[in-house]
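Add 308 to a position in the sequence shown, counting from 1, and you land on the number used in this note's numbering.
Careful, some of the hints might be misleading.
Stated by the list, open to error - Estimated spans, in silico, between C-beta atoms of each pair: (1) Arg584 - Leu672: 41 to 51 Å; (2) Ser587 - Ser647: 29 to 39 Å; (3) Ala325 - Val703: 15 to 25 Å; (4) Glu565 - Leu672: 25 to 35 Å; (5) Ser587 - Val694: 23 to 33 Å; (6) Met704 - Asp592: 12 to 22 Å; (7) Val504 - Ile347: 43 to 53 Å; (8) Val504 - Phe671: 22 to 32 Å; (9) Phe505 - Gln581: 33 to 43 Å.
Calculated from the structure, these hints are not laboratory results. Each residue gets a CB set at the ideal place from its N, CA and C atoms; glycine is no exception.
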Amino acid sequence: MQDSHRQINHPLYIIAASFFVWLLAVLLIFGYTPTNDGIGYIEYAEKCLKQGQLYPTASLYHEIPFVWNIGIINLVELSLWLSQSLWPLLILLCLMKSVTCLITGLIAQKIFSQKTAIIAMLLFALYPNNWGQSTMISSEIPSTCFAVTAVYVAICQHNLFLCGLLLAVANWFRPTATIFIVSMIVFYILCRHKRVFRKIICLMTGFLLFVIVVGSSTYLRTGHFIYQSQSYWFSMVDECYDGAEVAPHWGQPVWPEGTPRYIENHETMDCFQFERIWSKRSLDWLTNHKSDYLAKIPGRLYYMYQSDCDNMSAFLTSKSHPENNFITLPYRSLLTQWSTLNEAQWLSLFNLLMYFVLLALSFLASISLYRQRRFSQTILPVIVIVIGTLMLVIVMHGETRFKDPLMPFFYMLAAAYFNSAPTSAQ
Numbered sequence: 309m310q311d312s313h314r315q316i317n318h319p320l321y322i323i324a325a326s327f328f329v330w331l332l333a334v335l336l337i338f339g340y341t342p343t344n345d346g347i348g349y350i351e352y353a354e355k356c357l358k359q360g361q362l363y364p365t366a367s368l369y370h371e372i373p374f375v376w377n378i379g380i381i382n383l384v385e386l387s388l389w390l391s392q393s394l395w396p397l398l399i400l401l402c403l404m405k406s407v408t409c410l411i412t413g414l415i416a417q418k419i420f421s422q423k424t425a426i427i428a429m430l431l432f433a434l435y436p437n438n439w440g441q442s443t444m445i446s447s448e449i450p451s452t453c454f455a456v457t458a459v460y461v462a463i464c465q466h467n468l469f470l471c472g473l474l475l476a477v478a479n480w481f482r483p484t485a486t487i488f489i490v491s492m493i494v495f496y497i498l499c500r501h502k503r504v505f506r507k508i509i510c511l512m513t514g515f516l517l518f519v520i521v522v523g524s525s526t527y528l529r530t531g532h533f534i535y536q537s538q539s540y541w542f543s544m545v546d547e548c549y550d551g552a553e554v555a556p557h558w559g560q561p562v563w564p565e566g567t568p569r570y571i572e573n574h575e576t577m578d579c580f581q582f583e584r585i586w587s588k589r590s591l592d593w594l595t596n597h598k599s600d601y602l603a604k605i606p607g608r609l610y611y612m613y614q615s616d617c618d619n620m621s622a623f624l625t626s627k628s629h630p631e632n633n634f635i636t637l638p639y640r641s642l643l644t645q646w647s648t649l650n651e652a653q654w655l656s657l658f659n660l661l662m663y664f665v666l667l668a669l670s671f672l673a674s675i676s677l678y679r680q681r682r683f684s685q686t687i688l689p690v691i692v693i694v695i696g697t698l699m700l701v702i703v704m705h706g707e708t709r710f711k712d713p714l715m716p717f718f719y720m721l722a723a724a725y726f727n728s729a730p731t732s733a734q
């Protein structure tokens, strides 16, 4: 039985292994891609390395505006400690990206079919935006990898304790675990699974175990119980004032004068004092501007889904300045300026077309499967996408990269389109 299972999954492992080799080739050919976030991760990792401690440290609380993504900074520190180089980390990120591709296929095989799994993995592997991401120091790669693995463990291995533990690890890299915790709970309730309460307890026990262990460890080192990034109010306060734009606020300083984020005498405070001030200012504004805040949600939805080319800067010929590592396309004059596009822009345009096709196929597959009453197949990816989208646009401004943990489920649904005809119903 076990040999048969391995034989069935053989094509999935071949695709994942081939994708890993391809990502390594992209990394070797195009090299490391600096990003603003990546430079920040390296800076904090180097400071922690000099102190001989893990991130965060007690002294850093007085230097940083907020506690950032803990897992990825510690991975950077580990890579620098082992080899004084980022290359071990970049290779690990290539591996994690390939594992995410594999797990996407395994989940698709479980809820749809092997044919759908193969197509989902091919869509994942052929999507150019996925190629560039592992040339960057990205918190999204490990966070998404552990999150989708947690979903796989839950629905394929039925181990909710391990699922919760993996979600907590994902949260350590980037705080998106709430999306999957809520999605899994809703999934079990809607599917009328037996012992739902017991499943929820097991999931939360695994999650809280990691939180307690990591939080206690940080408390013993620094005096503060920290188990994940605490950057929420730093971003939220930037949305909570009259005149705040719906579009993402790129490129502005940490302390923009004239906005609620600015704090006088901030040099004498630590990041926890900043957080208390920002949360109070945000909540005070929200109390009297609920409708103004809710009115931003459609715009945030647009900005999150308008494109998906965040990682295409990996293919720029010059990448030495992180602040310039982005690609623009002349959408309004594309027909007249197409001859001026460089190779990176052409690849980005192809990626953009593939992205919109992916969204369209996902939507059409959802409608087709719903009409066929194949709810058991459709419900999991749809729940993750819908709940994840709503949670992101309600609590955060809409950057296109924020939907990264949702993308594997778009690949599943898009692949299901090719196997959603009534004659193929399972």
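Okay, the hints, checked on the actual structure:
1. For Arg584 paired with Leu672, a C-beta distance near 48 Å keeps the hint of 41 to 51 Å intact.
2. For Ser587 and Ser647, the hinted distance range of 29 to 39 Å is not satisfied, since their beta carbons lie about 52 Å from each other.
3. Our hint of 15 to 25 Å for Ala325 and Val703 is violated, since their Cβ atoms are close to 38 Å apart.
4. At roughly 49 Å, the beta-carbon separation of Glu565 and Leu672 lies outside the given 25 to 35 Å, and the hint is violated.
5. Taken as a hint, the range 23 to 33 Å holds for the pair Ser587 and Val694, whose Cβ atoms sit roughly 28 Å apart.
6. Between Met704 and Asp592 the Cβ separation comes to about 19 Å, which falls inside the hinted range of 12 to 22 Å.
7. Distance hint check: the CB atoms of Val504 and Ile347 are about 45 Å apart, consistent with the given range 43 to 53 Å.
8. Take Val504 and Phe671: their Cβ atoms lie about 29 Å apart, and the range 22 to 32 Å holds.
9. Checking the proposed 33 to 43 Å range against Phe505 and Gln581 shows it holds: the Cβ atoms sit about 40 Å from each other.
Going through the hint list in order, the structure does not satisfy hints 2, 3 and 4.
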